[in-house]
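Construct all of the structure, not just a fragment, from the sequences and the given hints.
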Amino acid sequence: MLKKIIALCTALMLGWALTAPAALALTLEEEREIGRKAMQEVQTEIPLIEDPDILAYIRGLGAKLVKQLDDNPWEFKFYVADLDEMNAFALPGGWMVFFRGMITTMDSEAELAGVMAHEMSHVYYRHISSRIKRSGPVTAASLAGMLAGMILGGLAGVPQLGQALTMGSIAGGIQKQLEFSRDDERQADYGAFKIISSAGYPPEEMEKSFERIYREQRQTMPDAPSYLLTHPTSPERMETLQNLVKRHPVKDASYSNSEFLRIRTRLIALYDEEDTAQRKFLHQAQSKSPEERDLARYGMGLLEMRRSQFEKALKNLALVSGKWADSPSVIRAQAICQMRLGRFDESMNLLARVLARSPNDQEALLYMGQAYLQKEQPAQARNYFKKVLELNPESEQAQYDLGVALGRLGQTAEASLYLGLAFKARRNYKAARYHLARAVKGLAGQPQLEAKARNALSALDEIQEKKRKKASQEGQGFSMDRKDASGLWITDPSGVSRRVKSLEPSPYLERR
164 MLKKIIALCT ALMLGWALTA PAALALTLEE EREIGRKAMQ EVQTEIPLIE DPDILAYIRG
224 LGAKLVKQLD DNPWEFKFYV ADLDEMNAFA LPGGWMVFFR GMITTMDSEA ELAGVMAHEM
284 SHVYYRHISS RIKRSGPVTA ASLAGMLAGM ILGGLAGVPQ LGQALTMGSI AGGIQKQLEF
344 SRDDERQADY GAFKIISSAG YPPEEMEKSF ERIYREQRQT MPDAPSYLLT HPTSPERMET
404 LQNLVKRHPV KDASYSNSEF LRIRTRLIAL YDEEDTAQRK FLHQAQSKSP EERDLARYGM
464 GLLEMRRSQF EKALKNLALV SGKWADSPSV IRAQAICQMR LGRFDESMNL LARVLARSPN
524 DQEALLYMGQ AYLQKEQPAQ ARNYFKKVLE LNPESEQAQY DLGVALGRLG QTAEASLYLG
584 LAFKARRNYK AARYHLARAV KGLAGQPQLE AKARNALSAL DEIQEKKRKK ASQEGQGFSM
644 DRKDASGLWI TDPSGVSRRV KSLEPSPYLE RR
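Numbers given in this note's numbering equal positions in the sequence shown, counted from 1, plus 163.
Watch out, some of these pointers could steer you wrong.
[To be verified] Under the rule of at most 20 Å between Cα atoms (straight-line distance), these lysine to any residue pairs were calculated in the SDA-like manner:
(1) K604 / G570
(2) K227 / Y418
(3) K538 / G505
(4) K549 / P610
Hints in this document: simulated from the structure, not taken from any laboratory.
What follows is the structure, encoded as structure tokens:
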């Protein structure tokens, strides 16, 4: 069981000065490349949630906050990690990852917005550039490797692992120089205060989230790796935030918390341990609040879907009342149950209702495509999967299903491309290489698709080379390897392997 690492701002990077730092050591493009490479390494080792409903919410909230930034040079990208820790990190160029534990332990969207705005502030004003300036010459690749090592080593609860990943790529002293100063934190806090205030959130909610983090951090700090506590939350910071709220009150700040509560319920139902989730919902069902009781019924419906008990799920979903009864999220869940029970026409009718109200609902589009596949209509299915990929090019399930549909239509080369991309995303590199190599051969007359296949093959080569380097690293003698789907493993100097983190995915989005 991982220790909770409660430094809200585990973001190991970047920062916000109220005025831009002089003589920045990195160009914008260099920062983007550092972030891209670091995220690529992290992505191969930690599980990310693909659920389109959850991602649509997080990315929508992120986009709302990004709009508050003036002259923003970054294209922010938001992800949710399937890790039950109250944590988050950001990387240069705008890659931001929030752990599901960060979301499920908060009470409001405003609290989450405060965390997101703080991380966003660190990226926006580029603290890392000014710090690298004092660190001497460092290559983008070595810095990216160091950052990935710091993150992964801390997540595993094994500081030596992080050290091993950074050995040979960067001088040890630089890691210390990259830590945020108190001024950095004050500036990021102020930046976050401005963002959420401009977005219409009451800033005192941000204060609440930091107080929560501080309480939990005090309990876990003795065991937490020091380099993951680069954003210390202290009574002084709490007092500063309180003074900001007093000096700059925001009038008429209001927002709806309903969608946050629904997404929090969804995360608990689909990703918490099943018994834990059930206890939470049974307790919530006793609430005097009708909204709380409806959320509990919705959560139990999703939990029964996760257990493949689709008739029970339909009964729970039928009990949802009030404003939730006719919501797309409930209708969509009912449609998925009907599909899993083989009632494809009923399912498609329900999905059509969702799409009539929300034409870009990715989950409804995905399952409508799957229904057409089940009814042996691959041409119609193809159109829905392509629509999903227009909205979210990284959807591995849509890539896989599109590959299946194209294969049934006899378009084998393009089918191999999308199957290869899906297997690459699922870290099945052997199958990915097989399909991508077939795609390159078959797509010779389609330069854009051929280039996509070649780029994916090149990325596989890069991943393989990084694994080779990790295996040969010296230092503490630790190496990291994903032995199987059951978790993150390390091998100590004696050659003994052990699992340090379970990485079991939710079975909700069925993969075939």
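Now the hints, each set against the structure:
Between K604 and G570, the direct Cα distance comes to roughly 16 Å. Compliance with the 20 Å bound is thereby established for this hinted pair. Between K227 and Y418 the alpha-carbon distance is near 12 Å, which keeps this suggested pair within the 20 Å criterion. Simply put, K538 and G505 have alpha-carbon atoms about 10 Å apart, close enough for the 20 Å limit, and the pair holds. A hinted pair counts as satisfied when its Cα atoms are at most 20 Å apart, and K549 with P610 qualifies at roughly 19 Å.
When held up to the earlier numbered hints, the structure conflicts with none and fits them all.
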